[in-house]
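Q: Protein chains in written order, with the working numbering: chain H, 1 to 305; chain U, 1 to 560; chain P, 1 to 304.
Hints should not be assumed to be uniformly reliable.
Okay, derived cross-link-like pairs now, DSBU-like style, lysine-lysine, Cα gap no bigger than 30 Å in a straight line [unchecked claim]:
#	chain 1	residue 1	chain 2	residue 2
1	U	Lys252	H	Lys160
2	U	Lys412	H	Lys147
3	P	Lys5	P	Lys302
4	H	Lys147	U	Lys404
5	H	Lys160	U	Lys404
6	U	Lys412	H	Lys160
Counterexamples of contact, computed for chain P against chain U with all Cβ distances above 12 Å [as the list claims (entries may be wrong)]:
#	residue
7	Ile44
8	Gln60
9	Gln61
10	Val63
11	Thr84
12	Ile88
13	Val150
14	Ser212
15	His220
16	Leu285
17	Ile301
Calculated from the structure, these hints are not laboratory results. Quick reminder that beta carbons are idealized off the backbone N, C-alpha and C, glycines included.
What follows is the residue order along each chain.
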Amino acid sequence: MSETRPVTPGERSWLRFRRNKPALFCLIFLALLALLVAAWPLVAPYPANAITDEQFQPPILRHWFGTDVHGRDLLTRVFYGARVSLLVGVVGAGVALVIGVTWGAVSGYAGGRLDGAMMRFVDVIYSMPSIIFLIVLLTTLRATVAKWLTNWFGSEAAPKAHLLVLVVGLGAISWLPMARIVRGQVLTLRQRAFVDASRVLGASHARILWHHILPNVWGIVIVYLTLTVPSVILYESFLSYLGLGIQPPMASWGSLVAEGAGQINPIQIYWWLVVFPATTLVLTLLALNFLGDGLRDAFDPKGQT
Amino acid sequence: MVLAVLLIGCGRNEPPADLVIANGGEVGSLDPATATTIEDLRICMALFEGLMRVDPATAQPVPGLAERFEISPDGRTYLFFLRTNAVWSTGGRITAHDFVWSWLRVLNPATASEYAGQLFYIKGAEAYFTNKVRDPSQVGIRALDDLTLRVELVNPTAFFLDLCAFQTLYVVPRAVIEKHGDRWMRARPLAVSGPYQLDQWRLNDRVRLRRNPRYWDATNTHCELVDLLPIRSATTAFNLYERGVVDIIWDKELIPSELYPFLRTNEAHRVNFHSFNYLGAYFLRFNTTRPPLDDPRVRKALAMCIDKQRLIDKILKTGELIAQGLVPPYTTNHLPVAGLPYDPAAARKLLEEAGHPGGRGLRPIEYSVESAGPSSPHAKIGVELQEMWRTHLGVEVQLRQTEKQVHTKDQKSLDYDVSRSTWIGDYNDPNTFLDLFRGNNGNNRTGWKNARYDQLMDQAAVQPDHARRAELLREAETLLVRDEAPIVPVYYFSGFNYYNSANVSGIWGNVLDIHPINAIQRKKSAVSGRSSVAASADLLPRTTHHGARNTEHETRSTLP
Amino acid sequence: MFFLKRLLFLIPLLLVISFLAFGLMRIAPGGPFDNNRAPATPEIERAIRARYHLDEPVMQQYVHYLSDLARGDLGASTKYRNHTVNDIIRDALPVSLTLGGLAFCFALGLGIPWGVFMAVRRGQWADHALGLLSLIGVCLPGLVLGPLLVLVLAVRVGWFPVGLWESPLHFILPTITLGVLFAGKVARLVRESMTTTLQSEFITAARAKGLSESAIVIKHALRPALLPVVSFSAPMLADLLTGSFVVESIFQIPGLGGFFVNSSFNRDYPLLMGLVLLYAALLLLFNLAADLLLVMLDRRIKYE
Chain H
1 MSETRPVTPG ERSWLRFRRN KPALFCLIFL ALLALLVAAW PLVAPYPANA ITDEQFQPPI
61 LRHWFGTDVH GRDLLTRVFY GARVSLLVGV VGAGVALVIG VTWGAVSGYA GGRLDGAMMR
121 FVDVIYSMPS IIFLIVLLTT LRATVAKWLT NWFGSEAAPK AHLLVLVVGL GAISWLPMAR
181 IVRGQVLTLR QRAFVDASRV LGASHARILW HHILPNVWGI VIVYLTLTVP SVILYESFLS
241 YLGLGIQPPM ASWGSLVAEG AGQINPIQIY WWLVVFPATT LVLTLLALNF LGDGLRDAFD
301 PKGQT
Chain U
1 MVLAVLLIGC GRNEPPADLV IANGGEVGSL DPATATTIED LRICMALFEG LMRVDPATAQ
61 PVPGLAERFE ISPDGRTYLF FLRTNAVWST GGRITAHDFV WSWLRVLNPA TASEYAGQLF
121 YIKGAEAYFT NKVRDPSQVG IRALDDLTLR VELVNPTAFF LDLCAFQTLY VVPRAVIEKH
181 GDRWMRARPL AVSGPYQLDQ WRLNDRVRLR RNPRYWDATN THCELVDLLP IRSATTAFNL
241 YERGVVDIIW DKELIPSELY PFLRTNEAHR VNFHSFNYLG AYFLRFNTTR PPLDDPRVRK
301 ALAMCIDKQR LIDKILKTGE LIAQGLVPPY TTNHLPVAGL PYDPAAARKL LEEAGHPGGR
361 GLRPIEYSVE SAGPSSPHAK IGVELQEMWR THLGVEVQLR QTEKQVHTKD QKSLDYDVSR
421 STWIGDYNDP NTFLDLFRGN NGNNRTGWKN ARYDQLMDQA AVQPDHARRA ELLREAETLL
481 VRDEAPIVPV YYFSGFNYYN SANVSGIWGN VLDIHPINAI QRKKSAVSGR SSVAASADLL
541 PRTTHHGARN TEHETRSTLP
Chain P
1 MFFLKRLLFL IPLLLVISFL AFGLMRIAPG GPFDNNRAPA TPEIERAIRA RYHLDEPVMQ
61 QYVHYLSDLA RGDLGASTKY RNHTVNDIIR DALPVSLTLG GLAFCFALGL GIPWGVFMAV
121 RRGQWADHAL GLLSLIGVCL PGLVLGPLLV LVLAVRVGWF PVGLWESPLH FILPTITLGV
181 LFAGKVARLV RESMTTTLQS EFITAARAKG LSESAIVIKH ALRPALLPVV SFSAPMLADL
241 LTGSFVVESI FQIPGLGGFF VNSSFNRDYP LLMGLVLLYA ALLLLFNLAA DLLLVMLDRR
301 IKYE
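Use the sequences and the hints to build the structure in full.
A: Shown next, in the form of structure tokens:
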């Protein structure tokens, strides 16, 4: 067979990825999930907040996941909740990726006083009491955001203001641990011989960072990213437990889990209220992790398969 | 090093208590002058006492440190005669001068007592507090001699004796406070005037009380050592109870609400459930300064669409009573009031009259609730209300959850539409509820001012005849809940205490939910022992509850 | 010396943090005495606020706070009015130190070997199985795990007490609940880092020299592999030592976590400030220690 043009590194990585069956499967799973969640309002068996009189039904044909205290179908709630949780997770991970990696990389590479200043900045923000911070954010921004939403999307959108501000607040603190970890990695890498070599050859700092240092950091970044997503979602769950998270009647996986957690007692457990939201959460995050593993393996410059 | 770490945090070789109570929520202050919440009060009441004390069964005031009293015919002057055997736990007589000092301490702004207002019924007290009068002898409290106290009131106050049993009016040890200042409760020995001494107090851990042998009624103090645990989580409290670690749970929030129906019907657990009516009301406030809620017809329409029974059956499930008026009907000196009925058809007509047939032209209304954990009923009630108002009236309601402090602040600054509210009575008289809605009361928070209402309340305040006073109060209440409706009462609180009456006695359900600890007894034989805490794990089998017929005569179960 | 400079910077940094936190708290609406029941008259409210200096301008309150702080007095709690902040922290800190310390040891003691094992067996069945477990650990909140453990191990089987904090046996379930999440995270970080390290040139060289696999892993690969764990552990330890609200609520443990959350909701400014300062001090110290450790693990690192 005659040679076609050489395969680019990008294409090579994609080929490697395709060979990783579990990761491929997870990618498809997540894509399908995203599709389902996005299309949920059209597909859902019940309207979002339909209250019925069938309180606390265990899983039956009419209600695959059972019902809650208001008689609302849990399956419906879980997938409406998915939208919120995925949004929270994606934004949290996105902020961690963009801001966290950049901050950590610059700080670690620069070293010296800049590193000290940047890391101390991270420390200062980390020390702030997050609950007070969120309360301040929610109370000061909510009204403005609600008005803005009403102007753009109509009064239906106003309740989403709380969610939006919450997401912003969560994003504001999700990048901190990532910055610290990336900085630690970069500190090691910058002492390596190939960095000095590149400097001698006249490469700019930005080029060295992007082409030489960051590729070696992606592994940890991807792994920590797949840890950031559950971390943010579970923090939102904690906030729901305290009453600061998503407001009823909206739900998120986190708030459903928090609600369900209160059901665990020795007398009578409405187990479906915990099991279904928690399992959905775990499965999605598992898929995300396997996907992350697959990506990491695919883009690994050393390649071990 | 690990061993050292382990040893820092442990090592409690204390004897087990005779009685362990889940008190719910950490205590803020045990100083009678600054104690505010009911968790504070329950312990404060064990440590200190006032002229009157509370009868465990009826919650009526009965003689405490004062063995008898006399009231003048016009109801304005009280004479109290102290017991000769009233002594401090560290020795020394409790005198009328101590009472004068204690009450003046509350009236000193530097003490920053939140309930100082309870003393403002005394002549000259408010003027003294606001520094208009500097001389304490101008205040209507005088010690005629060591054992006699004379009190002069501004008006005949029907509930003054209840106030004398209220924690703010307890007697506190002058010598200890003058020596130690703000941290006087950490001083040991701590002189107390009540049935128990403060043995130990570790925040978020426990309060341990030890019997005070010098208390004038010490022979009737049954348990020697009592532990009160500030438990936050309902599941934990319940588990601890099931394990026999805790004997009484007397905070309703500490039983998982989803379990109520099961616990109340199941044979083995039903005996632990001791319900009673509680002096508290759950109601909605309307912001009468904001259209469309400035129109009483709109308010009344909203009020008449609330299916209160459904809320009680579906969400609360502990036998709450539907509220007609604001004041619970079992309050002393109270005459029943007819409130607004549940009548969606009439409501729709009213709304039409107000110019909004079918909800047309009405902007979305916000229902403000405090944010709380997912097991709290308030948001759930809000969701149901949303449905009700939407289906019956076509009014769109948005649920607004704000953090507790913000919620209160919004109420105070009138920045809300409809806001969920509660009020717990301080004493057993309608005044504690109705006083709220005077035009100038800081707790009004609806923007509603009505001259006739204030006039009726003023007249009631000076009326010495109880029957006529009750009539005046009834008229005021009707005006409040039926004619003007700046508020909608939804239900009256129902509380319960959770304990096994085969083991524990001496608690009665009363409207104030006050249970003097010295009256409680616990039979030691029944439960298979509480192992000494220094020993190994708590390997108790599940305690078996004596099912069937147990003598419910102690509790007043007033379920409908 | 670099680290001496960092130590000196601690005080000014804490001052900055105290200033920001102080301001943040004052911006939040509501105050310590804004509860459902307003006092009977405005004068009473004024008296209460005056007592806690809440009627003064914010900057003046801050200066007051700092001058008390210089004497080691963290102020009087507005909610727990019979206690000072010093009292509260003194009583609760040992408990949180114990619980946090145990959870930290558990997290590292379980997580590091777990991660190493997964890395060594990467791609094989054992890696997938253990990886699954670690992910479940990361995704399961303490809110669910705690009550589950209590239900199964304490209530049903009766091996452990249901709650409270009285003997070493009471420590076990809370430690597990608190530690599992971090153990899972540590495990995944170690797995990743160890994998990379095992692929590097000096390991290949060591293999070529004929060293045994276990010697390679433990003596040579482990130290560089632990770098991200060190970066991660510093804030993790600070978080653990200042208590966890969820675990403390479930097991009724008198630690600092409950105070952290409740003082925010109660607007108990002095207590919250004291806790923030404590946390910040621990965080800064541990980050300093972590940076020291980084240098020890990888001699090539220079902070310039």
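Q: For the pair we were handed, lysine 5/P and lysine 302/P, check the Cα-Cα distance against 30 Å.
A: 15 Å, holds
Q: Grab the minimum beta-carbon distance between valine 150/P and chain U and tell me whether it stays above 12 Å.
A: Given a closest Cβ separation of 6 Å, the condition is violated.
Q: With d taken as the least Cβ-Cβ distance between valine 63/P and chain U, does d exceed 12 Å?
A: 21 Å, holds
Q: For glutamine 61/P, is the shortest beta carbon distance to chain U beyond 12 Å?
A: 16 Å, holds
Q: Taking the shortest Cβ-to-Cβ distance between leucine 285/P and chain U, state whether it exceeds 12 Å.
A: Holds, because the least Cβ-Cβ distance between leucine 285/P and chain U comes to about 17 Å, which exceeds 12 Å.
Q: What's the verdict on lysine 412/U and lysine 147/H, does the C-alpha distance respect the 30 Å limit or exceed it?
A: Holds. Lysine 412/U to lysine 147/H sits at ~23 Å (cutoff 30 Å).
Q: Examine each Cβ of chain U, and state whether all of them lie more than 12 Å from the Cβ of isoleucine 301/P.
A: Non-interface label on isoleucine 301/P holds, nearest chain U Cβ at 27 Å vs cutoff 12 Å.
Q: Given the hinted pair lysine 252/U and lysine 160/H, is their Cα-Cα distance within 30 Å?
A: Given pair lysine 252/U, lysine 160/H is violated - Cα atoms ~33 Å apart, limit 30 Å.
Q: May I ask you to check that glutamine 60/P keeps its beta-carbon over 12 Å from the closest beta-carbon of chain U?
A: 19 Å, holds
Q: Evaluate the condition: distance from the CB of serine 212/P to the nearest CB of chain U exceeds 12 Å.
A: Its Cβ never comes within 12 Å of chain U, the nearest being 30 Å, so this holds.
Q: Hey, does isoleucine 88/P actually stay past 12 Å from chain U on C-beta?
A: 6 Å, violated
Q: Is the Cβ of threonine 84/P farther than 12 Å from every Cβ of chain U?
A: Not fine: 7 Å to the nearest Cβ puts threonine 84/P too close to chain U.
Taken one by one, the earlier hints fail for this structure at numbers 1, 7, 11, 12 and 13, listed in ascending order.
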